[in-house]
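Residue numbers (the numbering used here), protein chains in the order written: chain A, 3 to 408; chain B, 1113 to 1465.
Everything labelled a hint here was simulated from the structure, so no lab data went into it. A virtual CB, placed ideally from N, CA and C, is assigned to each residue, including glycine.
Which bits of chain A does chain B cover? Going by a derived footprint, with three or more residues having C-beta under 8 Å, they are:
1) 138-149
2) 189-201
3) 242-248
4) 261-271
5) 382-396
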Amino acid sequence: MTRIVITGMGCVSPFGAGVDALREGILTSRTAFAPVRKFDATQYGIDAAAEIPEDVDLSGVAGSRPSGLLQIAAEEAITDARLGPDELRDAAIALGTTLGSDEISSALWHRRHGYKPDYAAVMNSMSACGGRALVDRWKIAGLCLTAITACAAGTNAIGLGVDLLRTGRAESVLVGGLDTLTQLIYGGFASIGALGNVCRPFAEDSHRQGTVLGENAALIVLETAPRAIERGATIYAEVLGYGLSNDAHHMTAPDPEGRGATLAMRRCLDDAGLAPEQIDYVNAHGTGTRLNDPVEVAALREVFGERLMRIPVSSLKSQIGHGLSSAGATEAIATVLALNEQFLPPTAHSAPPLDPGLDLVRKPRGSSELRRAMSNSFAFGGHNASVALGAWDPACVPSGAEPLSQ
Amino acid sequence: MSVVVTGYGLCTSSGHAATDILKAVVGGTVEPGAPNGGMPVRRVDDGSAVAWVPQRLRRKMDRISRITTAAVAQALRHSGIDDPEMAQTTGLVLDTSFGSAGVVSKVLADVLSDDPVISPLLFPNVVANAAAGQAAISFGLRGPSSVLGGTGSLMYALDLLRAGRAQRLVVGGFDEMTDVYERALESTGFPRIIRALGEGAAVVVLEREDAARERGAAPLAELVEASVATDLNFELDGASAYAGDGITRALESVLRCPPAPDAFIGSGWPGTLLREAEEQFVRSSDVARGTWPKDATGEMFACSAALNAVLAVSALSAADVGPRPRAVVVTGHDSTRGQSAAALFKAPSRRPS
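Work out the full structure, taking the sequences as your base and the hints as a guide.
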């Protein structure tokens, strides 16, 4: 099996543009929650979100705001990976998104104010149009796929990229996620009682108000290890495997026994050739909602058994909210930073824990033994995705992988 | 490791029976849809879909979820997957261009009203993967599950099965037409090209050959290879905007694998560079005749690509639609973003009894 590595990363998050901004935000335990700027959210009884700062400069990029944010993230990842035009021409794209962009609502918004609706903009709002912007700007002639499995889509897209590389359909793949805050999603989450003004993942019930919606554009460059070594690329981490499943239970509520989440994690471990005891850290889905967190803990306990109490767990959503399809990719970047720089990202709140048997990381802390991590994403529709990431060690050949000739 | 087709299901505005559609397409007897503005629109009869949906879930589903669930139900029955244990290891990989178009249109109207409250009953179906989720819930499908925008499902499913990530997958596409999207399409170059709009869901059951053999399922066809390519020169102006380079690359990719096809089921609209590229392929190959179902069924977006796969399997396995071909190559195009797909099916080494 071909080993897959990460050679570039780029993102725009509620902490600002760039991976450095994300790292700085994580390490200072900041939270990015503030009253919604984009629309009047108070009509929904709550008003917090984690929006991308207004000072992120979109003046140099063409297209809509979501498309522009994605291009900023892509430019950072492509520059970081040092991919030239020839390499980009043969690259592929696997992007995760929920609604793709908010152009459909802004296009139809005109109707409310008596203007002619811009239906051409509706067409541009189709979910895969984000990837299309990358094709057009960088002349990427490989595959351009879009996973639209809602909050699991970013992690699903990483898996898509892994398979494109393992099957030889591509030599490098830009994988990631894009979602921006929309009133449609905000009002919908509010209608089902899933939102709060603060996000406290894995806090005890009375302290978990719900999740806070966020927005991100996040892209990662994946390529095969031999090619990355051949062209002298910097290798940040390795993608060891991934797993998908469906709860087959309910459209918005997780299976109370966590069967779907358990299946995704076990399939991920199988794909990576790892035993549960080889996972050193879990970057959890951790939405801070009433339903998700206890089910995710139950599923983690099912997979990792009593050893769970010795596996550090944290949720980035405590700092930048829930970016839906962009969450999985942004959380994967955070996990890669953790593996590469040997620190544990925090769950930034001090509320009493949901489960005292969980090693919930409260403040960022160093860890000299962080070799392999898992990142989870669970979605409406019961779609689940887990990805296993590892610190890059060319001498340590995973089970089933081809040895590298250097 | 071979990947075989062991069942299929349809719920489209052109009918539910693959052999009937195939005969009608080949015979050119499909009736045009009712005029509706610039492009005639053919709708799925919602009542015909509801009968396939578990009663306890009908009221929780939006329209495209019911349509998709009906197609999945037929495919599972056709494939003989009626055991809950087997369903637990069965996954879903579906394509869509517009997702839950009907619910999104309705919820957007609510958001844009003076009282922008969203119904908690409607909202769960807003996500584009809702139809796949509802189908999984209906039949207990806990295998690997994904929804893609466009036409990549056959290729991704093939890769998942070959990698051993799943034993069997329900694979195909769905799309629904609403007033908002009709008008959006009319604002592009579509009306110059497209003869009619349709909607529906079409799926096949793809299975690892060893898994099918183990449970005694008869293969209807074998999926030899599938590929996707992006048209580099695409502009968002409807079906006429393809330059045709994407479909050419996708066809080249699947035709590296034997056998050479003797039948072709295409997706390009007449008068477009896509159709030219496909007709050029037919002329330069061993294919006796090309068929373009969309000419009769209308543009059904992700469902059209999936319908072509179902029709290929039907042609390879049904006894009453004329001489069986040796191998069929099918194409699909996502007319909203310049993506083209091709897949090669061949007759199974073991014929169904």
